[in-house]
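*Asks:* Start from the sequences and build out the full structure, keeping to the hints where you can.
From first to last, the protein sequence lines stand for chains A and B. So for the first sequence, the numbering used here puts the first residue at 1; every next one is plus one. So for the second sequence, the numbering used here puts the first residue at 1001; every next one is plus one.
No lab work stands behind these hints: they were computed from the structure. Beta carbons: idealized from backbone N, C-alpha and C, even for Gly. A couple of the hints might just be wrong.
Stated by the list, open to error - Label-pair restraints from in silico Cβ distances:
| # | chain 1 | residue 1 | chain 2 | residue 2 | range |
| --- | --- | --- | --- | --- | --- |
| 1 | A | N257 | B | P1103 | 49 to 55 Å |
| 2 | B | R1474 | A | H382 | 33 to 39 Å |
| 3 | A | R291 | B | G1146 | 40 to 46 Å |
| 4 | B | R1324 | A | A495 | 54 to 60 Å |
| 5 | A | R291 | B | H1446 | 27 to 33 Å |
| 6 | A | R157 | B | V1130 | 26 to 32 Å |
| 7 | A | H382 | B | R1409 | 54 to 60 Å |
| 8 | A | A401 | B | G1187 | 55 to 61 Å |
| 9 | B | R1044 | A | G100 | 30 to 36 Å |
2 protein chains.
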Amino acid sequence: METANSIPLDAASHVPLYIQLRDRLERMIETGGLRSGERLLPTRGLALELGVNRATVEAAYAELESKGLIAGHVGRGTFVAPRATARALTPPPAMETDDGEFPWQGFFSDTVPPDDPLDALVRSTAEPGVISFAAAHPPSGVVPAGEFRRACDRVLRAHSNVALKPGPTGGYPPLQEMLAARLRRQGIAAEPEEITITNGCQQSLDLLAKAFLSPGQAVVIENPVYPGALLPFRQAGARVLALPVGADGADLAALENTLEGQRVRLILVTPNFQNPTGASMSLENRRRLLRIAQRFQTPVVENDTYGALSFSGKTAPSLKALDRRGSVIYLGSFSKAGFPGLRLGWCVAPPEATARLRRAKQATDLHTDQFVQAVMVEFARHHALDRAVDAVREACRVNAAHLAKEVARNFPGDVAWRVPQGGMSAWFRLPDGVNASAVLERARQHRVVFTPGAYFYFQAARPETFRLSFGNVRAAEIARGVKTLGEAIRVEMRASRSRRTVNRQGAGWSFV
Amino acid sequence: METANSIPLDAASHVPLYIQLRDRLERMIETGGLRSGERLLPTRGLALELGVNRATVEAAYAELESKGLIAGHVGRGTFVAPRATARALTPPPAMETDDGEFPWQGFFSDTVPPDDPLDALVRSTAEPGVISFAAAHPPSGVVPAGEFRRACDRVLRAHSNVALKPGPTGGYPPLQEMLAARLRRQGIAAEPEEITITNGCQQSLDLLAKAFLSPGQAVVIENPVYPGALLPFRQAGARVLALPVGADGADLAALENTLEGQRVRLILVTPNFQNPTGASMSLENRRRLLRIAQRFQTPVVENDTYGALSFSGKTAPSLKALDRRGSVIYLGSFSKAGFPGLRLGWCVAPPEATARLRRAKQATDLHTDQFVQAVMVEFARHHALDRAVDAVREACRVNAAHLAKEVARNFPGDVAWRVPQGGMSAWFRLPDGVNASAVLERARQHRVVFTPGAYFYFQAARPETFRLSFGNVRAAEIARGVKTLGEAIRVEMRASRSRRTVNRQGAGWSFV
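*Replies:* If you want it as structure tokens, here you go:
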């Protein structure tokens, strides 16, 4: 490696020194100024030569290492990676005469997620006549389209100049203020400037992944969980670690074990009506989770998409409300409150974290549709939003009661479950050895579908589990659907018993 | 390394074998089954042991290498990276008693983009009384809010059931059909299924970065370019290579040089009214660009945000219309056509590429707001959309004519520029040695602002350049603003001459 004379750094630039150094070294590798296998100066030596802090050199080296351009070797120092120059420099063979179709296959990134099988299931069952418990959608028809229409009208008469113009990255200020007021009622003291408006909870997760996870870093996510929760983190190249969910929500002993074992950048939990299990965390466990996160200095992301749908109207205080250190980021959304098509959600985070999330938002899509934000503010005046949430909650509560009655009447006694206390999904467990996917195949023949638990596990799937989502199923359909499912379960239980020559008694299931 | 018995692969699984192998090896590294410094079997040997294709092992090793978990070493084989196990396993020190603020600084990812200085400039000049040529915004006030309001009304009376519900990832089908019909008029034969609706052009770029760029891979982007074009690619960890822009748009000789030198995954160009230079590519150069891309088997992304704003109503055929091999992805948007606040754009791509883009969209935010999509379809009926685009184009044309007149009257003769033929920005070059940022400082004192060219270069910035955006500036402001700028330029030219003891004659500038 040549001396530092070839690496001019500009201390006055707004570009951090370690980024300048990283880019200089990267360019030297690309152009052959540093060749594969060549030894780099130790961080201490280079820092002295350049007159910069040693941490600056370490940060630059770490970035180059994560790009695979350099590698340390035990006892020998740091070297330009063997294929770094070649990889940067080798173009594909030039083709002079190829007129065929373009070979797209060769151009896809490593991290694009595979097709979502749940999405395929939901789509395949959209035909009329099918009774579907597959999608966790809110009831349609309870949202007052007339009130929404009048809100649009008022916005476009009074504020069209603002609503159709570009807006701030963090969101439409009146919506931030309205949300801050609503959050205060929940015991969350958030300033409007700490709220970032997003295109729904899925985008909140995407922004979190971008702002907090570098490739190879670890995030802890509940297992099972709805598949969409994983995708942004996988796409960012993060490692996703499983947090088992028990009857009282996330398994905190398992969480402690994981945090003792390795460095984790974010813990993502759903304390209220977790999807798919419907489990909620007790107040005691919420406090314990915060103590654990504090002990290991790990930020917590609280997904509270379903909190407003508690049938009793009550939940334990949110982690964000209990948090005294500013280590919790809170996610909410209008989707499960009757507006799933609008794609409107929010992240509440301390100022430093908010600044990063907004930079990610700026790079991702500038800002969320101003018009719809303005309409939602107008809609919320005179309590139309409250009434809409109440209507969704009440429809879910009634459906859950129908479901409980029909399950009691139609399912075999050894199917374990718990009557939902909120949200729009219920979680079931068949006796050991009975596969929910096989039940689905039987039920589908009678035009009833649901989601086997296997869709929700990213590790150690339990094939006996399944989810019934009841938010958007009518009472008569619940009755017919559960009856059909009960029959399918009985048939599959008999078939499964006769398949097994030895009928081993499964261990007791502690989940429900 | 233990033998293959410890690596069970499932050939029947839908998970590709190389992914299975990568994950197995990663887990072994995490759990200490493979330790730092331990040697891995050569790809050929491991492929034989596992009974898989050698390319499978190579792909798995490449992924682990890009994560920094393993590294090859010249002449010695492939090893588990020195700090791989440690990095995966070392938790931060547990803190029992820290009650201070949470240390967010330590938790931000490497790739979150820095603050956009242009954004800061635009925000800082939003005060009343300031004449701003800084932001490329369409004229406000030309959009018919009344027609838009009636479109909302009709959608919510007739289609509220669809518009407020979750929608397909690719977009609202009637909008896809409407766009397909409009694209056919431009000579682009796109099926509705090849169109993906996004939250505007910025999100189209984010999805492209996710779908096509793995960390360390290269994308070619025009230099100068509006800063937002880079951010998604930087965020994805891609290397951004500069494509110089000349009077006839992208410099194709430079492009060929770049493609000869290294492997590039995407070429991103703006053939019509490039932002910031306003330059357009001739038909001949468009054809040549496609031939070059074909020769190097590299996909082309065509950003046509400004194409509809040609003052003559004409442009050369788009790359997408000229493409015969399905190697071009076309980006459009309603933002510059008068609806910047709505965040609504589209990607047109061949089916395979569309499938990948939609998977990225699904992971990013599920789908774009259905309601606004439905309103835009309704708005476009009876030609209201055509009239809106016409109004924006006409306002820009009139503003450009005012600008030309005032520049001719007020700017020194040795300021080079070209009268814009479309779009909403004009590009200028001061005489050599005169710094546009210094002119901005002088003009700002008289409450006139614009954007120095330095904001737009990510390499080899030309400090003499600047951009005036005229889309949303009134005629009287153009007159006063250009007069002030002319004075600031003269003052700065004199100051700059007197600063330089030797007034070297600059080389001729071939750009305009």
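*Asks:* Confirm or reject each hint.
*Replies:* The hints, checked one at a time:
Under the hint 49 to 55 Å, the C-beta atoms of N257 of chain A and P1103 of chain B, about 23 Å apart, miss the expected range. Restraint check, R1474 of chain B to H382 of chain A: a C-beta distance of roughly 38 Å satisfies the suggested window 33 to 39 Å. Look at R291 of chain A against G1146 of chain B: about 58 Å separates their beta carbons, and that is not inside 40 to 46 Å. A hinted range of 54 to 60 Å for the beta carbons of R1324 of chain B and A495 of chain A is consistent with their spacing of about 55 Å.
Evaluation of the 27 to 33 Å hint for R291 of chain A and H1446 of chain B yields a failure: the beta carbon distance comes to about 58 Å. Restraint check, R157 of chain A to V1130 of chain B: a C-beta distance of roughly 29 Å satisfies the suggested window 26 to 32 Å. Taking the beta carbon of each, H382 of chain A and R1409 of chain B are about 55 Å apart, inside 54 to 60 Å as hinted. Distance hint for A401 of chain A and G1187 of chain B: a CB-CB separation of about 59 Å, consistent with the stated range 55 to 61 Å.
The hinted window of 30 to 36 Å between R1044 of chain B and G100 of chain A holds, with their beta carbons roughly 31 Å apart.
The structure shown violates the earlier hints numbered 1, 3 and 5.
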